[in-house]
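Asker: Chains as they are written, first to last, in our numbering: chain R, 4 to 841; chain D, 345 to 439.
The hints are simulated quantities; they were obtained by calculation from the structure and are not laboratory data.
Quick caveat, the model's predicted, so the values are computed rather than measured.
All residues carry an ideal CB built from backbone N, CA and C; glycine is no exception.
Treat the hints with care, as some may be off.
[Claimed, not checked] If you want the footprint, here are the derived chain R segments under chain D, 3+ residues with CB under 8 Å:
1) 290 to 298
2) 585 to 592
3) 683 to 690
[As the list claims (entries may be wrong)] Cross-link-like lysine-lysine pairs, in silico, DSBU-like; alpha carbons within 30 Å at most:
4) K358(D) <-> K120(R)
5) K435(R) <-> K398(D)
6) K225(R) <-> K211(R)
7) K398(D) <-> K448(R)
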Amino acid sequence: MAIQHASHHSSMTGQWIPSTCGMCLHGCGIRVQVVDGVAVKIEGDPTNPDNLGKLCPKGNAGLSRLYDPTRILKPMKRTNPAKGPGIDPGWVEIEWEEAYEIVARELGRVRRDDPRKLLCAIGDFQRIILWGWPAVFGSPNFFTSLGNYCGGSYHPVNGMVDGSFAAINDYAYCNYWIQLGSGDGFSSHLHVSGSTKRMADARMRGMKVVVVDPRCSPAAAKADEWIPIVPGTDRAFVLGMAHVLVHELRRYDRQFLREHTNAPYLVGEDGFFWRDERGRAQVWDLRVDAPRPWNDVPREAMALEGTFQVDGHRLRTGFQVWKDILVDHTPERMAEISTVPASTIRRLAREFVGAAQIGATIEIEGKVYPFRPAALNYYRGAQSHANGLLDNMTYKLFNMLVGNIDVPGGHLGVPLDHRGFFISPGEDGMIKPEPHQLHPIPPFKYPPDSTHLMEWFPIGFDAGQLNAETLLEPERFGLDYQPEVLLLYHSNPLWNMPETDKIEQIMRRMKFIVAIDIHLTESTQWADVFLPDRTYLESTLLNCLEPPVVTGHSLRQPVVEPLGDTRDAYEILTELAERLGFLDDWNDLLNVVCGFVANTTYMLDPDRRYTVEELWDRFARSVYGDDRGLEWFKRHGHAVRYRTPEETYMPYGDLRIPFYFEYVKRVGAQLRQQMEAAGITDWRFDNYVPLPFWKNSPVIEDGERGYDFYAITFKEALHTFADTVVMPWLTEVSEKDPVHQGILINRATAERLGIETGQRIRLVSPAGRIEGRAQVVEGIHPQVVGVSNAITREYVTNPTVRVKGAHFNRLLTGSMRYTDSATGGLESTARVRIEVID
Amino acid sequence: MPKIHVAAIGMARKLVGFSQRTIDFSGETVADLLRALNTVDGRTLYANLVCEGKLRGDYAILVNGMSLTAEQLETRLEGGDEVVTMAILRHLHGG
């Protein structure tokens, strides 16, 4: 282990060991003070440019994860066959050999029978290289909504626009920042510890921040302006602003749209690009007033807008099509939907386009770029909805209107990892769409192999929530088998999926459940065998995940000897792969996901077992060269550096990015053909559209069924995935914050309903009901109630958790009706009615 | 005779019966290399991986770390090149 001296501002002496935080997925650089073999303090690593020495509450509280007295430190098997909430499993500790023998026997049984009968719930984002284990086992099944909850529609659209995985406004140059449903720079999302510092610096130089959110979040509270909005209507608000730019102010970046997007490409009456006999997309050539192939016309000679008649056909540019769509998306109409006043929509649109400085340029390190210091940023609250694809498209297109995609001051793509943007040439001078970056697009198949119907979502991610419908009604979807074994790997489907009662039914059907985790949860308490993993302070990996302004890996390394009789998850899965007879395929998968196929020097021998340190040593050398193996990282902690301007700005180069998403329409048309050929007639294709517009969602329609209010959940820097609720330091803090003390309800609404703080109320949605104590506040929209993720756990035996029963996900519906038909993204808002209990 | 380093992953490995091997190569292109690699079923890797002149959709080929498209089997090889053939793993999961 590398040793550093204590920092000047730390009062204790001891060894300081560089490592990487594992309290959320992003992995800030940390250093841990160790005295006599005991970790006593965690600080941010000031040498790591990602978090600049900062660390959020979760990171500071990491010791209470390592030394949690309720951690499971030895394998266990259950002795009570009865399973369910509150039922004592009758755990007994066993040796690893017995645990492996039981698990290999049960998994081997289904693998020989039908490997699809293994259902897998996988979390642990930092160890993403392990996620493919079920694939080499032979199962396609994914049983969680952990990632889909936030990114189901978000990641595919980022991937299609610029080969990015996420996105963020440019902290360095942005002057006017609109934030929709996100905690970026304040409390959550991308690398929050460093991002808060960057946000603060930008505010100090005068950047204006407007936060649009149903709740007065930490971002809203610190913003220049908070705009309360009805959940799930952010798209209407932004479409209203787009209307103002296009139809009222007529201010948009014509040069950017014409030269860097496919907005000038001609669209036929069928909604597809107008192509010549060689299949080349056409543009309108202003020099000759006729259609010409896109690559035969200088960019400045392309018509950006207009309607044209050719051989009796009506052609419009892609931009013109959206312009026509926007005609009736007036601020007044959008105001009725979103409750944001039309005058506010107009004012913000005017401020935004003014701040964007259309036409300005900036020179950075000798290269001149467009300079657009105004951008709209967004995340879960604004787009994790049943029409999430349309939401994400809208926000991208609004940014494109001012030409700010991936330019200084604007809206920047964030790569998945050190490999950078997934950019390669596609059709017609455009970038190749990359909606899937975690796995290749699965081909259509009927009957489907996967229980979450991945073969039916050609541009989507993994819609795990659909299991609540497909596994209980398999005949509706043609599923010709039933899963029998469940693998829980740092995942809690009874907590993180909608329709908890249905998830319980599915888990009751499992003949065997194995859990790899560090503590007991609602779900792992159902396990037959529990295999204890090591915490992030006892294990090894190199981490690089969604870095917003940096790139490179940070080392996670053991800072103390592992507690108890635990094993690294990689070692556990490798042992099982060997016992089950697919070590060779497992190593081959790692060769692919670790990128060893790009340099065969480091490829794993398929028949050899590698320790976790050997694996990461090879990984380090394959990325950074033979002089930077694991030992180098142990000495230096990280190889994280700022991304260069060339790596950050306009990564698409001369390739065009999509304004008109013809690819989406085409994929939908192809899927429809495949579905019809398979005899499936009741599938929805409504969101396979090339351009966004407003339409009501099922959540809005639920309002007509007597559910008067909207229910939302929210997270802050204190907690992640509700997983951290078992940590006493964090619970102590969150219990002193009123927003985490009950169901938030607006004061005026509460007065109208006769509700006071502390009164027990019940929220009833079409899917379920929860109870809690009302917390009357000013900072929430009058039509909305809010439930913090910091108070919501059920039947957890950890004494830190005070069970309060307000399990938000019980209110959500996991069915197709509440799922984006193109991406599989789930609806994260519920309509509810409020009942007073006492 | 130029030497080409060949690596095979997953089903491709099972077809050729080795994981990595450096071979003497007398051909000119990737397609030639696939024809030169015999598989355990008595055919060639070309016969297994190529359909109507195009690489099958469930396989990928990398030359010196760069992925080929299905139509790029006529890519020329030079001594010292690394060629990786692999079956595409369809399900890695995520979200």
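Asker: For a quick check of understanding: which of the numbered hints are violated here, in increasing order?
Answerer: Going through the list in order, the structure violates hints 1, 3 and respects the others.
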